[in-house]
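Colleague: The primary structure of each chain is shown beneath.
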Amino acid sequence: MIINHPILGPRDSSEFVYLGDATLLKRPDWQAEDAAEQFYDYLHTRDNPAGLHRELWYHEQGDRSWLVVTRDTVTHEITKVELARDVARTGGSA
Amino acid sequence: MRYSGFRVLKEALTGHRGWGPAWRDPEPQSDYDYVIIGGGGHGLATAYYLAKEYKQSRVAVLEKGWIGGGNVGRNTTIVRSNYLLDGNEPFYEFSLKLWEGLEQDLNYNAMMSQRGIINLMHSDAQRDAYIRRGNSMILHGADAELLNQKQVLEKYPFLNVKNARFPVMGGLLQARAGTARHDAVAWGYARGADQRGVDIIQNCEVTGLRIENGKVLGVETSRGYIGAKKVGSCVAGSSSKVMAYAGMRLPIESHVLQAFVSEGLKPVLPGVITFGAGHFYCSQSDKGGLVFGGNIDGYNSYAQRGNLPVVEDVIEEAIAMFPMLGRARLLRSWGGIMDMSMDGSPIIDKTHIDGLYFNGGWCYGGFKATPASGFCYAHLLATDTPHETATAFRLDRFRTGNVIDEKGSGAQPNLH
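Chains as they are written, first to last, in my numbering: chain G, 1 to 94; chain D, 1 to 416.
If we strip away everything but chain G, and leave its shape as in the complex, we get (with noise of 0.2 Å):
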């Protein structure tokens, strides 16, 4: 799979670590109500879609950014890479 990097172009996924959903961007509330139940979910609960999924990726062998890639897990055809930061500031993952 090639991961086209927003900032550095094509880049072979080997060069990547991969996380997982991208959910995992949106840490639950430490100090709500039901804080360990959130926690429960974030922690080990996954949609699993087979179809489009948001991931994130890291470019451990790169310049270390962590990337949200939109990916096909039927195809692993990759439609959509951003980074991750630019995830985080408009809003989390949904």
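Careful: at least some of the hints might be erroneous.
Stated by the list, open to error - In silico DSS-like pairs for lysine-lysine, Cα to Cα no more than 30 Å straight-line: (1) D:Lys162 x D:Lys266; (2) D:Lys241 x G:Lys26; (3) G:Lys80 x D:Lys241; (4) D:Lys52 x D:Lys266; (5) D:Lys64 x G:Lys26; (6) D:Lys64 x D:Lys215.
Stated by the list, open to error - If you anchor each label on the Cβ, the simulated ranges turn out as follows: (7) G:Glu37 x D:Gln304: 29 to 39 Å; (8) D:Val311 x G:Glu37: 40 to 50 Å; (9) G:Gly51 x D:Gly408: 27 to 37 Å; (10) G:Arg89 x D:Glu100: 51 to 61 Å; (11) D:Asp25 x G:Arg89: 36 to 46 Å.
Hint data in this document are derived by calculation from the structure and do not stem from the laboratory. The model shown is predicted, which means the values in this text are computed figures rather than measured ones. Where a beta carbon is used, it is the ideal one built from N, C-alpha and C, also for glycine.
Position chain D against the provided structure of chain G, taking the given hints into account.
Modeller: Only chain D this time, still in chain G's reference frame:
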């Protein structure tokens, strides 16, 4: 029909006209007591033990493709019980004991071969970890033996113990482990279940679950609605898809694992051997092909095929261990979809919906678990209580903190 040496002789003399199909191809009935979703190894074993051990009738297994076409036909055929933790080891040892009697039980040649597995060690820390694991295995009634360098060389004289990047120091042997013919396991269970009245319905994809007032009523399928008193999902790889029909969100990610087989070679590997300085496992099939694999690709996938970086990684490990294989050619590689659970261990449990049960999260260790998974799931379906060896495989363990994390790598599926 019972298979025997006498039968083979008789058929050979009469032109092989007496062999019938190993199982029927029935039309689905309007309702069953038990519907098992997924006709893989685990689903067929569940139906078999439901009928045989728990004397249940009116059981159907629904398979979206054909028997033997999913993960049961895609694994590296290794059978072992060399786990560490209390939640796991009794279950896998129960499974290995079932494997040992499986062929007689099924009257089917599953080519079960207890040729032993050796986990190679390359450092002092790894030796200490293997001693701990071996002791845990022995305490749970399994067999384990720590081999020194000389003992490993007696079995595998070509291993590099001197000037390799990771010299072999010794290994942990489980002599009762080995390999079994994966397709034959599926076929044997299918035949055994069918003989006991189970309907195996192929080309029948479940497209929805009918649930009313917190109780499951049946399944919607590509061949119409089928009513059921109890529905058991057994579709590791696609668990999230099926359980989403019940509105459930699972502690599972689907990942692709690749496997490989070389061209046929003369006998070179007497047993199963794993590389301790990475993640690589290899055995030689009875046809002579080296069957091997390594890590999962590491990203969510439902594609049943992987990418080249992992191919390169696995073959690098193969060559690091056996430089002599540099001239062997790769015959085939393929991928299968794994339920990677958040702690690397499986789930066999009821759900919050009455009559709906879940079996999944096998990561890439599902094949060796086939008999015990079927037995324990059948026990749960028939009695509504967990089997004594599977009490830890609860769905709510992630919420309560009772995770079974063999590797200690946390809630990160691609590290298990």
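Colleague: Against each hint, give a clear statement of whether it holds in the structure.
Modeller: Hint-by-hint comparison with the structure:
no.	hint	in the structure
1	D:Lys162 x D:Lys266	holds, 26 Å
2	D:Lys241 x G:Lys26	holds, 24 Å
3	G:Lys80 x D:Lys241	holds, 24 Å
4	D:Lys52 x D:Lys266	violated, 41 Å
5	D:Lys64 x G:Lys26	violated, 36 Å
6	D:Lys64 x D:Lys215	holds, 24 Å
7	G:Glu37 x D:Gln304: 29 to 39 Å	holds, 35 Å
8	D:Val311 x G:Glu37: 40 to 50 Å	holds, 41 Å
9	G:Gly51 x D:Gly408: 27 to 37 Å	holds, 33 Å
10	G:Arg89 x D:Glu100: 51 to 61 Å	holds, 59 Å
11	D:Asp25 x G:Arg89: 36 to 46 Å	violated, 58 Å
Hint violations for this structure: numbers 4, 5 and 11, all remaining hints satisfied.
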